[in-house]
Amino acid sequence: MSGRKDYGVYIHIPFCESKCMYCDFYSTDKKGGLTQNYIRAVAKEISDLSTKVAGRKAASIFIGGGTPSLLSQSMAADLIDACAKNLSLADGAEITLEANPESLTLRKTSGYIKAGINRISIGIQSLDDKSLKTLGRIHTARKAISAVESAREAGFDNISVDMIFGLPGQPVRMWLDELSRTVALGVDHISCYQLTPEKGTKLGRIVENGSMELPPDTIEFFDSTEKFLKTAGYGHYEISNYARKGRECVHNIGYWEYRDYLGAGSAAHGMVNGLRWANVRDPARYVSRINAGGQGALRTETLTDEMKSMERLMLGLRLKRGIQMDGLEITSGMQSMIEQGMLKLGKRSIRATAKGWRVLDSVLAAI
Numbered sequence: 000m001s002g003r004k005d006y007g008v009y010i011h012i013p014f015c016e017s018k019c020m021y022c023d024f025y026s027t028d029k030k031g032g033l034t035q036n037y038i039r040a041v042a043k044e045i046s047d048l049s050t051k052v053a054g055r056k057a058a059s060i061f062i063g064g065g066t067p068s069l070l071s072q073s074m075a076a077d078l079i080d081a082c083a084k085n086l087s088l089a090d091g092a093e094i095t096l097e098a099n100p101e102s103l104t105l106r107k108t109s110g111y112i113k114a115g116i117n118r119i120s121i122g123i124q125s126l127d128d129k130s131l132k133t134l135g136r137i138h139t140a141r142k143a144i145s146a147v148e149s150a151r152e153a154g155f156d157n158i159s160v161d162m163i164f165g166l167p168g169q170p171v172r173m174w175l176d177e178l179s180r181t182v183a184l185g186v187d188h189i190s191c192y193q194l195t196p197e198k199g200t201k202l203g204r205i206v207e208n209g210s211m212e213l214p215p216d217t218i219e220f221f222d223s224t225e226k227f228l229k230t231a232g233y234g235h236y237e238i239s240n241y242a243r244k245g246r247e248c249v250h251n252i253g254y255w256e257y258r259d260y261l262g263a264g265s266a267a268h269g270m271v272n273g274l275r276w277a278n279v280r281d282p283a284r285y286v287s288r289i290n291a292g293g294q295g296a297l298r299t300e301t302l303t304d305e306m307k308s309m310e311r312l313m314l315g316l317r318l319k320r321g322i323q324m325d326g327l328e329i330t331s332g333m334q335s336m337i338e339q340g341m342l343k344l345g346k347r348s349i350r351a352t353a354k355g356w357r358v359l360d361s362v363l364a365a366i
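Under numbering that gives the first Met the number 0, the first residue of the sequence shown carries the number 0, and numbering increases by one thereafter.
Everything labelled a hint here was simulated from the structure, so no lab data went into it. Hints are not guaranteed to be accurate.
Said to hold, decoys possible - The list that follows gives simulated cross-link-like pairs (lysine to aspartate or glutamate, DMTMM-like), each with its CA atoms no further than 25 Å apart:
{"no.": "1", "residue 1": "129", "residue 2": "156"}
{"no.": "2", "residue 1": "129", "residue 2": "77"}
{"no.": "3", "residue 1": "29", "residue 2": "90"}
{"no.": "4", "residue 1": "201", "residue 2": "161"}
{"no.": "5", "residue 1": "229", "residue 2": "101"}
{"no.": "6", "residue 1": "30", "residue 2": "77"}
{"no.": "7", "residue 1": "30", "residue 2": "97"}
{"no.": "8", "residue 1": "201", "residue 2": "360"}
{"no.": "9", "residue 1": "113", "residue 2": "247"}
{"no.": "10", "residue 1": "319", "residue 2": "187"}
{"no.": "11", "residue 1": "307", "residue 2": "5"}
{"no.": "12", "residue 1": "319", "residue 2": "219"}
{"no.": "13", "residue 1": "226", "residue 2": "360"}
Stated by the list, open to error - Cβ pair distances, simulated, as ranges:
{"no.": "14", "residue 1": "325", "residue 2": "208", "range": "22 to 32 Å"}
{"no.": "15", "residue 1": "28", "residue 2": "208", "range": "15 to 25 Å"}
{"no.": "16", "residue 1": "218", "residue 2": "332", "range": "15 to 25 Å"}
{"no.": "17", "residue 1": "334", "residue 2": "39", "range": "45 to 55 Å"}
{"no.": "18", "residue 1": "325", "residue 2": "73", "range": "38 to 48 Å"}
{"no.": "19", "residue 1": "291", "residue 2": "53", "range": "42 to 52 Å"}
{"no.": "20", "residue 1": "32", "residue 2": "256", "range": "26 to 36 Å"}
{"no.": "21", "residue 1": "229", "residue 2": "347", "range": "38 to 48 Å"}
Beta carbons are placed, not taken as given, at the ideal position from N, Cα and C, and that holds for glycine.
Use the sequences and the hints to build the structure in full.
Shown next, in the form of structure tokens:
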């Protein structure tokens with residue numbers, strides 16, 4: 000393993016105004032469940048989990064969802080206080096809150112800074128109103144722009160946005176125009192995701208029954224995005240992520256480097272010292288279990304050395320720099336990808352080549 004002792008903390012806020020058609024994360028539109036009882040339950044779970052990481056530093060906290068920007072300032076502060084009181088936070092720890100534009104105002108973003116949030120990740124997804132309607136988003140392009148401007152005015156100096164490409168009938172030139180307008184907002188980090196019809200989602204069902212057709216080949220989007228954002232000053236450090244120098248996401252790099260992380264909240268996952276767990280998904284059931292003195296975890300799994308090695312490889316190849324070979328063996332599948340020019344083996348590392356990175360899912364499947 001990497002030998003690093005620092006870890007991340009993930010807190011799940013599963014509540015949303017509405018469920019997006021493409022989302023395969025657990026969330027619920029019953030936002031009335033976001034009460035102080037839920038926040039207290041999460042804080043208690045963080046306290047209970049602290050024994051798993053005694054003597055270690057938390058490098059990052061990531062409040063994800065769902066729509067964490069439904070949190071009030073006081074709720075956000077209570078969650079961060081629970082981490083500060085029960086865990087040992089590294090100096091300058093990255094503390095991110097995911098946000099949707101429709102729930103952000105200048106007052107709210109200012110409140111989040113006071114609560115201790117130092118990085119905000121805004122789900123813009125598109126700057127075209129027609130595309131936003133196709134995606135089932137409830138904000139407008141104007142509101143997305145306003146949300147970013149409010150975050151900057153409030154004092155955030157580390158702003159990330161999510162964008163989606165590969166929509167029905169979307170030409171590359173239209174996508175690059177949206178990226179150009181996004182860059183003009185002065186954001187520090189841009190995540191660019193391909194619209195994917197995941198099984199069990201509304202989008203998955205629509206595409207499966209033939210009601211919607213997505214672009215069959217998105218390599219041109221991938222190449223054009225990389226070229227455009229590189230010229231604009233954003234480094235392509237992970238398959239879907241671009242950042243200005245020094246603004247790479249510390250928390251997500253922790254996942255790709257296969258470092259430990261605590262997971263708190265309903266539907267959260269965690270992994271520490273080879274033990275992985277998944278919390279009960281339903282928020283009301285989660286709160287009930289915690290309040291009764293139980294654990295949030297519904298399932299636990301002890302990872303074998305073989306599982307750890309393969310998962311570390313699969314995640315590490317998502318990083319442009321690749322992964323250290325410590326403890327890894329060259330399998331026949333890896334050797335085949337090396338011979339085909341998809342992977343490149345260094346003295347102590349392995350990484351995907353430019354050719355392999357463009358079709359990484361296929362490379363990982365072959366491995």
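Can you confirm whether the C-alpha distance between residue 29 and residue 90 stays at or below 25 Å? Measuring from Cα to Cα gives roughly 37 Å; hence the hint is violated.
Compare the distance between the alpha carbons of residue 307 and residue 5 with 25 Å, and conclude whether the hinted pair is satisfied. Distance ~18 Å between residue 307 and residue 5 Cα, so the pair holds.
Need the status of pair residue 113, residue 247: alpha-carbon distance at most 25 Å? With a Cα-Cα distance of about 23 Å, the restraint between residue 113 and residue 247 holds, given a limit of 25 Å.
Given hint residue 101 paired with residue 229 - CA-CA distance at most 25 Å: At roughly 30 Å apart (the allowed maximum being 25 Å), residue 101 and residue 229 break the hint.
Is it true that residue 325 and residue 208 lie within 22 to 32 Å of each other by Cβ? violated (47 Å)
25 Å Cα cutoff - pair residue 319, residue 187: holds (19 Å)
Sort out whether residue 156 lies within 25 Å of residue 129, counting only the CA atoms. Measuring from Cα to Cα gives roughly 30 Å; hence the hint is violated.
Need the status of pair residue 30, residue 97: alpha-carbon distance at most 25 Å? Given pair residue 30, residue 97 holds - Cα atoms ~16 Å apart, limit 25 Å.
Keeping to a limit of 25 Å between CA atoms, is the pair of residue 129 and residue 77 held or broken? Violated, at about 38 Å.
Pairwise hint evaluation, residue 77 against residue 30, where the allowed Cα distance is 25 Å at most: holds (18 Å)
Cβ-Cβ distance between residue 218 and residue 332: within 15 to 25 Å? holds (22 Å)
Is the gap between the beta carbons of residue 28 and residue 208 within 15 to 25 Å? Given about 23 Å between the Cβ atoms, the range holds.
Violated hints for the displayed structure, listed by number in ascending order: 1, 2, 3, 5, 14, 19, 21.
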